[in-house]
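Peer 1: The primary structure of each chain is shown beneath.
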Amino acid sequence: MDFANNPSFIRQGLSPGTRLAICVALSVALLIGDSQYGLMEYTRQGMSVLFYPLQRAINFPLVAARRIDDFLTTQSTLQAENEVLRRQQMVLLARVQRLESAEHDFESLRTLNQLKSVRSDSASLAEILYTGRDPFSYKIIIDKGQDTQLHAGQPVVDDRGLIGQITRVQPLTAEVTLITDKTLMVPVMIQRTGLRAILYGYGGGVEARYLPIHADVRPGDLMVTSGIDGLYPEGVPVAFVTRVERNPDSAFIRVTSMPTAGVQKGRYVLVLKEKTSVPARPVDPAAPPPKKGKTPSDDPTE
Amino acid sequence: MSFDRPKELLKPVRRRFIYLSFVVAILIDLLPLPVDTALWLPDFIALLILYWVINQPRRVSVGTAFTLGIIADVASTGMFGQHALAYSITSYLALLRQRQLIMFNLGQQTLSVLALMLANQAIMVATRMATGSAFVGWSYFLPPLTGAILWPLLTKLLLLPYRSHKV
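Residue numbers (my numbering), protein chains in the order written: chain V, 1 to 302; chain Z, 1001 to 1167.
By construction, these hints were calculated from the structure, which means they are not laboratory data.
Warning: the hint list may mix true and false statements.
Stated by the list, open to error - One side of the interface only, derived from the structure: several residues of chain Z facing chain V at Cβ under 8 Å: (1) V1074; (2) S1076; (3) G1081; (4) I1089; (5) Y1092; (6) Q1108; (7) L1111; (8) T1131; (9) A1134.
Bear in mind the structure is a predicted one, so any value in this text is a computation, not a measurement.
In this text, a Cβ means the ideal position worked out from N, Cα and C, and glycines have one as well.
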């Protein structure tokens, strides 16, 4: 006997068909509003604030387990780790000193050649809250947002290289689109040759497209950001070339590559500042270029 | 293991219990799990909607499914309306045949739930492709399978608090 299953003698509101029609119309309106016009950003922000305590709560057992694990490490492991870290720091310090002198030289060379220096060193550390469970997009949610003045467009790196870019900022969290996402492209440069290319995410991986068939690319080459987009700082490692296929049928080579950063792993990421002081783009000439038969004196732009 | 529906007298289901089950499902959705688990982890919100639509059609209906769909949209960082559309249509399909589904034994119910969950995924794929995403591959249809396998267990679990032992 299932009492809830017995038919009701009283009419209860709208019929299921009408309800379905209303809900479907609403969903389609939402879909179009969100995908075409981006109308739902404020609603999403509000709801994400409501979700924040839930996310924290569900993260709590994991964080607590990690804390306990950290607390219970033995002294010997700590000592060993300390030793390793100290040695690493020595090596790094030596490297930093060399780098500083090189940087100094570089800066003076730049000023000599009257080039503007474009450097921004500040960055903020963020923890990954959770990964979006939408298989169509490759995104992660980090625990910093408008409260720490993040804004959309900032590059995100980890200790090994570029991870992605902030695409949506909510009051307490931010959404990072990974470089493996289909909608993200990164202008890169092959470090060995200086050849420029654009790295496309294709959902789960990255590949450099539209490189001519004679381009000098070899497996093992490192691709770093070229910095010509005014967004990513130059020289951040992005991906390794794993395979190069030269197919005589196509005009381009097929370059398969693997991200250097732990795009799908890791707990902490670093949010960098966007490149600043990018000179304004040259204005396009308003008039079309003069035709061949015209004399130069007729043209007002000349 | 018998697949027959329990024929015993059940206590009436509290509204609080329904809400609580949905909250747990949303929490599972928000768990920071490794990316690979999304390949096989079933959509618990959809499973629970189906369960309550089949067992308590007067309390949980198309409107509830739609609301939960909106929540799932935000939680999964997907597009607004994608889960909402799929859940409302699926719950309506379940509601159409609810009188039949409730009489099925667990084995038959599992098969119908599999079909409904597959329809759910198909609607989501269709919406995403209509808004310009590429097809994600057939592995997207694996979670409904695991979800259907879990259906008998879920039914037994959700019936546990409502067995009246003192009869």
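Peer 1: For the hint on V1074/Z, does the least C-beta distance to chain V fall short of 8 Å?
Peer 2: Given a least distance of 5 Å, the restraint on V1074/Z holds.
Peer 1: Holds or violated: is there a CB of chain V closer than 8 Å to the CB of Y1092/Z?
Peer 2: Where the cut-off is 8 Å and the nearest Cβ of chain V is about 4 Å from Y1092/Z, the hint holds.
Peer 1: With chain V as the partner, please determine if G1081/Z meets the hint condition of a C-beta pair closer than 8 Å.
Peer 2: holds (3 Å)
Peer 1: Tell me if the interface restraint on I1089/Z is satisfied: Cβ within less than 8 Å of some Cβ in chain V.
Peer 2: At 7 Å from the nearest chain V Cβ, I1089/Z passes the 8 Å test, so the hint holds.
Peer 1: Hold the hint about T1131/Z up to the distance rule: shortest CB distance to chain V must be less than 8 Å.
Peer 2: With Cβ-Cβ at 4 Å, under 8 Å, it holds.
Peer 1: Taking the closest Cβ pair, is S1076/Z under 8 Å from chain V?
Peer 2: holds (5 Å)
Peer 1: Is the interface hint satisfied for Q1108/Z? The criterion is a beta-carbon contact with chain V at less than 8 Å.
Peer 2: violated (16 Å)
Peer 1: Given A1134/Z was flagged as interface, is its beta-carbon under 8 Å from a beta-carbon of chain V?
Peer 2: At about 6 Å, which falls below the 8 Å cut-off, the nearest Cβ of chain V leaves the hint on A1134/Z intact, so it holds.
Peer 1: With a cut-off of 8 Å, does the beta carbon of L1111/Z approach a beta carbon of chain V closely enough for the hint to hold?
Peer 2: violated (20 Å)
Hint violations for this structure: numbers 6 and 7, all remaining hints satisfied.
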